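Asker: Dock chain B against chain A, hints included.
2 protein chains.
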Amino acid sequence: MNNTQTTAAPVATLERPLDREELDRIHAWWRAANYLSVGQIYLMDNPLLREPLRPEHIKPRLLGHWGTTPGINFIYAHLNRAIMRRDLDMMYVIGPGHGGPAAVAAAWLEGTYSEVYPNVSQDAEGMKRLFTQFSFPGGIPSHVAPETPGSIHEGGELGYSLSHAYGAAFDNPDLIVAAIVGDGEAETGPLATSWHCNKFLDPCRDGAVLPILHLNGYKIASPTILARITPTELDELLRGYGYTPYLVEGSDPAQMHQDFAAALDRCLDEIALIQRRARAEGTTERPRWPMIVLRSPKGWTGPAEVDGLKVEGFWRAHQVPFSNARGDAHHRAVLEHWMRSYRPEELFDDSGAPVAAIRDLHPAGERRMSANPHTNPDGPLSRDLRMPDFRDYAVPVTAPGTGAVESTRLLGTFLRDVMRDNMRDFRVLAPDENNSNRLTAILEATARTWMARIEPYDEGLAVDGRLMEILSEHTCQGWLEGYLLTGRHGFFSCYEAFIHIVDSMVNQHAKWLKTTNGIEWRHPIPSLNYLLTSHVWRQDHNGFSHQDPGFIDHVVNKKADVIRVYLPPDANTLLSVADHCLRSRQYINVIVAGKQPELQYLHMQDAIVHCTKGIGIWEWASTDGNSEPDVVLGCAGDVPTMEVLAAAELLRGFFPDLRVRVVNVVDLMRLQDQREHPHGLPDRDFDALFTTDKPIIFNYHGYPWLIHRLTYRRTNHDNLHVRGYLEEGTTTTPFDMCVLNRIDRFHLAIDVIDRVPRLWPVAGHHREWLHNKLIEHRQYVRTHGEDMPEIRDWQWSGIPGPATAVANAPLTEPV
Amino acid sequence: MNNTQTTAAPVATLERPLDREELDRIHAWWRAANYLSVGQIYLMDNPLLREPLRPEHIKPRLLGHWGTTPGINFIYAHLNRAIMRRDLDMMYVIGPGHGGPAAVAAAWLEGTYSEVYPNVSQDAEGMKRLFTQFSFPGGIPSHVAPETPGSIHEGGELGYSLSHAYGAAFDNPDLIVAAIVGDGEAETGPLATSWHCNKFLDPCRDGAVLPILHLNGYKIASPTILARITPTELDELLRGYGYTPYLVEGSDPAQMHQDFAAALDRCLDEIALIQRRARAEGTTERPRWPMIVLRSPKGWTGPAEVDGLKVEGFWRAHQVPFSNARGDAHHRAVLEHWMRSYRPEELFDDSGAPVAAIRDLHPAGERRMSANPHTNPDGPLSRDLRMPDFRDYAVPVTAPGTGAVESTRLLGTFLRDVMRDNMRDFRVLAPDENNSNRLTAILEATARTWMARIEPYDEGLAVDGRLMEILSEHTCQGWLEGYLLTGRHGFFSCYEAFIHIVDSMVNQHAKWLKTTNGIEWRHPIPSLNYLLTSHVWRQDHNGFSHQDPGFIDHVVNKKADVIRVYLPPDANTLLSVADHCLRSRQYINVIVAGKQPELQYLHMQDAIVHCTKGIGIWEWASTDGNSEPDVVLGCAGDVPTMEVLAAAELLRGFFPDLRVRVVNVVDLMRLQDQREHPHGLPDRDFDALFTTDKPIIFNYHGYPWLIHRLTYRRTNHDNLHVRGYLEEGTTTTPFDMCVLNRIDRFHLAIDVIDRVPRLWPVAGHHREWLHNKLIEHRQYVRTHGEDMPEIRDWQWSGIPGPATAVANAPLTEPV
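Those protein sequences? They're chains A and B, same order as listed.
According to the numbering used here, numbering within the first sequence proceeds without interruption in unit steps and concludes at 814.
According to the numbering used here, numbering within the second sequence proceeds without interruption in unit steps and concludes at 814.
For reference, chain A alone in the conformation it holds in the complex:
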């Protein structure tokens, strides 16, 4: 262990915190965990090696990762010692999640596994099941998956262990999150920046994160960067990140036990000191949190060589160190020798249960990391939000399609009060865009979290702020996931285009939700709520690179029962949708709404009805007189909705007897078949809205193909014509963005003319007029640099129908 300033070369410590007995007991626990890990990877029978290994004891397909596992077991044993000695509330996040056998072994040794899965009992039969089920059809996955008690982090995709750990620690002042970071994971970008999370952790209000950088030295087949830079560089790097690193390095178990125990003691002492200073003495200076660097051989305690090739301490130990134990007697002998080296006869009694010295070497009840309640939150650890009445924030709408409002600014006032009422379990996150996204009012309730230096002229920064801003979508997402997975609530606003940065993280979270839906003992966690704003139609100022509505396409590939997509067209619908999302659990809710001033359509009471149905006819904008229309104008998204209304108004002027029906969609999944999505409309409802044979012009916020994908089974799909984003864009005016992608009022009106044959004889000069308007627009914006006043100032002035009469088709309501 080493804490010198300029070099991190390992030196033998003089501290020997373990006496002989404690050392032996910890070592025995470690041997037991290692034994159980190897058993999971290799065996399907003869778990206690009570007879010589025979081929049929070995699994036919060997799947699993040994390399990282003994190190995790080692760390786990020492964390348990610390928990017991200090009565700590501690949970783990295991970055190298392919070390699944370790977490499962520990949970079994702690008894949690058998409590949760009674058929995997703490005896020989249970051990056989424990071994067989691992990476086996009908069994459990190879990673620290949702099936593993104590896990909130699968670690399948690498990069998010630290941000998850910090997310779990926020607002849990008594919690310590031990975060194991593998040196493979440490090469990823998201992990590299997440070391900086220590600038966002308040030592008063939040718990602590103890990073343990586990340098095994190798990835699948080559060395890792952090294991091969100089010790000085590594030390500087971690200090530069703001930590005090303690190095534990070696391979001799007895020495390593002493060194690690000493390092861990020192870290926990420092954490306690930091917290005492902040909490009792009121220090507000950013502390240097401690961390551990553990350099140990990959595949530690495994075979040094197999078939004459180096295994222990080399990349060959990464997965299954040798693969033919079933077919090759020599390999089988290596395996048996290896497993017997842990002396199982000393570790497990006649029944196959751990002997008392091991069985008792873990904390009790909820202090067990495998049973820490934060990892499966319920009751007081995961209260529902106290919600103000969203109707109190409504904007009055005297006439539909008038009175431009920045909808997200209004939402900000609602979120401000959600924040005020939930100052211990709600966080708002934005990658440097909260104010840009007009959620400014939140700053009236709280500040931006900031532990780094604050200048006198800074605004809205505080150590205990609850608005989390870092220019890293990955870190925001990781924090929020960690926060949700430990039972609390959050709201993530992001530029629409850049939410793609976390596509893969969303995949993993959706998979976690899907899997936990099938695990009885897992409690539902609060939903992951996105507001995607600064969206494609209002990124005219930042240009093409900032224009991408494809995140919706991405999420709808995930399991329908965890995905919800909302496109509220105005402020009141946005409020209603946001309220709904914040109350929900086990979903990924994607809300897409613009931040620029936009027309308002619905009174709050209508907005509620409309959002409850998720889709509906806007009668005040329709001219079909509740009878069969000539054409249906569908719309989803604020800007496409406005353009549809403007087109409807044009058509009303051109063709007074044309029966136009306007259908607005808030809940996008209503379009899908009910067999595909729980929110899907039954065909008869869909047909009632969209007819069975009339042309439908559908103006959509995103890529048009998605609407086809959602509706291809519908009766009238052949008559569906979708407009949407065609990947055409640049720095231009808002309306020009619409024109470039043909979602504008003029193109839509032309679409209607072209699809309603009875208009053809009379519509010639209207069509020409529309074309001329497009040319006029183009000339105008190229001369003046802004949209024509008639476009900029357009408001709905159609024959005023009853503004309350919306969404009144007798639809089946979504679940």
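Heads up, a few of these hints could be off.
[To be verified] Quick look at which bits of chain A chain B covers, simulated, 3 or more residues with Cβ under 8 Å:
no., region
1, 132-141
2, 423-436
3, 498-505
4, 718-732
Since the hints were derived computationally from the structure, they do not count as laboratory data.
Just so you know, these numbers come straight off a predicted model, no measurement behind them.
C-beta: ideal position from N, C-alpha, C; glycine also.
Answerer: Showing chain B alone in chain A's frame:
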């Protein structure tokens, strides 16, 4: 400037490398660039302020980012000085790409802009155009976009400046890439890990990257982490990353010019020394590359306060510092005062051209960064690859559907020889998965690039290796993009699920390609080639987190003319497709192919025909006798193809007179309408393959909806039934993955029975048999942990047709 070991606090340097005249000239150039930058943001007339500013001179919509711009101009001026003094081959990468006005101003001052866009001449009229066009409809984007000469990096989405810069430097030994990293960008994950790129740069073979970390202190509305950690921490962090940082800090222009010039001189001296040591003296030790930290006020030289609020040196300077210059006389006066503070009358002559002292203050010809040929490579800088004949690597196929081969291992031998023949302009990249992906043969031609420590027992590492492995998909992608954008070629293999990590980067690259397709002076660059392997159907061992085929869905949202997707079913088709992709330019080619042993179907000559058509009937597997079939079995992807064939074989046994047609798709975009994609089949060809009214069972590699999306316009779409990945998976057996998602032979055969009514009277017991096989499978895998031998060992044994008769429908060939 400061180079002490323990603290980076700024100290005034004693070095004053600039004499009075040089200082004045550089300062004048900087004033000119700043003037032109402000003009671009604000003005549409009166560019030289020859009359007082009037409202109509100001753009109605003010779009642009001032904050970072003066710093970029400052750096640019000094880089030019260095280029001229040392005759450097230097290009820039501007991370804070929203500082577009700076890059455009520099290109105009250097004359390049007027060469490329003659209507933007170097006179008053041209300056007016320069100003008006910026962020204006029909004009140019606000960022350092493809339209900007000298740019390879738009910097719209943040995080990739350093990896792009290193990619550009690889294999360009005489090039220096100056990479400006904004402190906002520095918070992103991809940027945070890309500092480590210095472990992958060979000082002999590669050029140099000079990172310039530009600390403006603020993002949109809050401070940045690196600007607010302690100077010691920042210094340690950058040293930990392996650099020697030189700090330049302040706001006084005269002092800053001296300090920056001195720092830059020292960095360039060190770079020259490092290169000399490596190249002349043969040192192989990893050097500590120099870098600069520039701390300067955000919005430097702009108004200190506006309306009583702090602007310069604060986040309010980020975009347009004050927005009502057109409507508000006071704001207009502030603007005029600001612009006149640069003394334009000294900078531009009567015609509006830069005065001689400024006009000559840049390097000549291709030494101008705005005209550096690496940024628009052609001719010798972007040669086509020398390609070995891919047919020489063919696997012999004696009978279709036999002889399992690891297709990617075969591909590895081809890539090995591509590498051997192109040792200066080809790189292979993999996030730690090259060998896992079975491309092992590449290591016979080259090693893994590795500048960090090498141990005696390491394998396949070398300073001059050309296989790039870092466990960061972001960095691999960034390197490759930088390498391609400077004219060279590459091949990126990745686990299919984790390529989503770079979704957003792919978006940006696709946008770059789409835009450059419309820019006449831009030369086409080599395609971005992906091999996605370890794919969803063969990630049974790593489980659910590793299973996601959605990247295809992601890319097909991009412009059709830059996207290609290939699903070769076996080794010879994979070779043919890879050869095609490596020869192409301006595409993103996505190849999906498994790495596990898989059956081979086509002789090389058939494979070529099949891949050229992209889609075709496999007559040897069909029983329709070249006449109208009863049912069409479509397939795309290696595993789905095998299951379709196995289903066809079952059906052949059950119903000898059933006319089954098997259609295999290699080029996925053939399915789409030719109006949507250049590779799209004309309807008549599609109908000839898939009939107009017979049931189609289509077995697809990815999410099934994509096939509906691609084909919804096709005549026979209503009869199309697609099987694909349903987001069901775990750690299990390969065939069980198929069963869980119903793409297996048994489900497919049931699908056929259910959709061919004439089978119903006779198929009852066949259907039952198939159901029983599914139950038998389930029981078997749960008992034995592996697939039934009849599944594992299955080979095609259908009535042997002529193996050469494939893909012979008279299709229109794709472009």
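Asker: Each hint should be assessed against the structure and marked as holding or not.
Answerer: Here's how the hints hold up against the structure:
1. Under a criterion of three residues with beta carbons nearer than 8 Å to beta carbons of chain B, the stated coverage of the region 132-141 of chain A is upheld, 8 such residues being counted.
2. A count of 5 residues in the region 423-436 of chain A with a Cβ less than 8 Å from any Cβ of chain B is obtained; the coverage claim is therefore met, three being the minimum.
3. Remark: the region 498-505 of chain A is confirmed as covered by chain B, as 4 of its residues place a Cβ nearer than 8 Å to a Cβ of that chain, reaching the required three.
4. For the region 718-732 of chain A, the proposed coverage by chain B is satisfied: 5 residues have a C-beta within less than 8 Å of a C-beta in that chain, meeting the threshold of three.
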